[in-house]
Amino acid sequence: MNLLFPGALALCALASLLASIPPARVRSALAGTALAGAGAAALAAGAAAMAGRTWSAWLPDLLPLAGVRLELDALGGLFTAVTGGVITAAAIYSIGYARHAPRTAQILVPLFAAALLLVPAAASVSTFLLLWELMAIASLLLVLADHRARPAVRSAGVWYAVLTHLGLVAILGGLVAFAAAAGGESFAELRRADAGGALAIGVFLATFAGFASKAGIVPLHVWLPRAHPEAPSHVSALMSAAMVNMGIYGIVRVGLDLLGGGPRWWWLVVLAAGALSALHGILQAAVASDLKRLLGYSTTENMGLVLIGVGAAGFFEASGERALAALALAAALLHVINHAAFKTLLFLAAGSVLHGTGTRDLDALGGLRERMPLTTIVFALGALCASALPPGNAFVSEWLMLQSLIRSLPDGGVSAAVVMPLAVAAVALTAGLSAATFVKALGTGFLARPRSAEAERAHEAPPSMLAGMALAGAACVALALGPTLVLPGVAEVTGQVLPGRGPAADGAYLRAAASSLSPVLIAAALAVTVAALLAVLRALALRRARRAARLWDCGAGPMTARMEYTATSFAEPLQRVFDDVLAPESDVEVTHVKESAYLVNRVRFQAAVPDRIEHRLYAPAIALADRVGRASRELANGSVHRYVGYGFAAFAVTLIVLAVTS
Amino acid sequence: MNLWKKIRKTGRVAEPAPPRPKDKPPKPELAGSVQIRHVDAGSCNGCELEIASVFGPVHDAERYGARLVASPRHADALLVTGPVTRNMETALRRTYEAVPEPKVVIALGDCARNCGVFAGAYGVAGAVGDVVPVDVEVPGCPPRPEDITKALRGLTGR
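In the order they appear, the protein sequences are chains A and B.
Counting from 18, one number per residue, gives the positions in the first sequence under our numbering.
Counting from 212, one number per residue, gives the positions in the second sequence under our numbering.
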């Protein structure tokens, strides 16, 4: 009897209770502790499921008509374990961070966590949709937690509500049609049913669109860089490191597991969407100057990378290359785990910057290294991990992904020969740009001198927040140095999702692919090289007499913070290179003095890099909906006679139609 | 293509190199290659025009090992023009301190040597020699490019 998973859910419920009843002083401490326990239990339950000890439950009376069917298998277990880890770190962090948060928000966090844990365990269509909606509603309410303080929160909430519900409609339509054709709604029946032809295509495309909007995939990503920054930071971490994964889970579950793969073009669509998201996300992140918005776009980028792996896995599976498919899927799942670790760390660190300074504008930060040394260290660790450079953990999964893409080249056919090099180029370009992005975030946000009074007054985060960040940092280091620890579990998942080969064969193949590089050796070599360089430099420096000299400041007065590179100026060369893609907008307004047009009174300069997809795709759609709404207002002018007339006309038309057709 | 044509048509415009200087350079460590930072301490820009001509294609001081650099931290020599104004006095002193040893200071033009026509003006702190130690002087208002080249060759020994 496996009680870990129910135990985690019970602890979530307890945390919710503890956030509502005890006095406000101890509320966040009690709820945070209980929720951290829930996260740890869920992590253990997920790991157990990945190791083969699955858990299932059938509760026919909980939900009328359909009942609730839960089953935690290896695939669901991986996502539950990742979510559990994120919850643990975020819950410990929230003890200090959410001390003064409103009670509703504190009650909702455990509920959101429970929904996140349950979604990958759902084993029937109705259960899945119910939990999916619970997750969406809980996160929407959490995004709106600060709506009284900032009006931007409301607009973010509206965007999120609309897009998440459009996504739900797509998933609902797809899964319900699938269940109707299969003659049963449990996942086991769906898996057995042989959905073929147009239905399978419709189900796949509808669910893909819905899940992609949850994963923040271009062009359905617009809610993500708005909603994630506006939520409280521990909720941002939950959303950005755990909730977006559910989109990936849905695509893998429905596309590879329930539909059992499909023709190659499905997965080329997935791969193309992933590549587009990765590039668009990292380009927008590179020019963003809001720290949390930057991290939100980086989430879009990383989910795009994961989708490249998933798309490649489906493509290889359809081409009959099971070994490569397992490698690509394992790389994608490993990247999900790695992304969850470093994105939790980065969002929590961004939250402690917000807590310590009150701003998240990189152009107004700086100089945090002296004022918040521990936060700076963990953010630097997260930035290293996120920039796909060794010895970070994202490097390992992206390396595996590149290997799977490159190995397909010799005998993959024409479409592989065209698509895979492009995918390799997209992954490589993304990795390079993400390094620039995180150098910018760390360099302008934390180093140099403070650029504003807020940054000057920054203070270090309380111990509980530091403990949460340290936990996420430890996970990053462990994943960076020992990715082989999680590979057996990932191999279990690929063995389950891609039938035909056992997990043992997958495990052996993955170990062979992974052993082509050794993260520990790379890290050791880097450490030795750096130490040797330092020793040589020091020896050279000691041979000469030292003299103290003034910092060269062009001979003039002290250097001010205004002379520093800002985030905007650091990104300017990149922005110029990608000028045609990003289409930045700038506006110069010159006001002359009244007496003479030759004398300038004031110059106002404004520059912004709007999201072009949002600009071109959503603005016209919203304008059209607005116009239709205005036009239809004429139809309902408040006259009762007119409404009675409408009713009569509708009745008459129905009668005529019935008379003609029957 | 046009560029190649132009290069071929123009040919060589540099003056033939005069014979090597016979004297030993004042700082033998710098012989062969001298990196120069130019400081305008309050000049009327007449001297700057001549410096531009010295480093242009006709006189081409770089072939004798003299080169202009963008920071005193990279430099071996300071090339100072103009009388030292009050605004530039501290900056000149700091620039001098920023140049690593061994270093040379060249006072270029009459203003730099003895304030020239600006001597006694209220905004002038003094000649270059009053602010930092001067090693080489080049007279003239402005000095002829040949004289400047000769002074620089005296430093490089080439």
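Everything labelled a hint here was simulated from the structure, so no lab data went into it.
The C-beta atom is built at its ideal place from N, Cα and C for all residues, glycine as well.
Some hints could be false.
[Stated by the list, open to error] Partial pick of chain A residues on the chain B-facing surface, computed with a CB cut under 8 Å:
1) Arg567
2) Gly572
3) Ala578
4) Tyr582
So, against the hints stated earlier in the document, which numbers end up violated here?
Those not satisfied are hints 3, 4.
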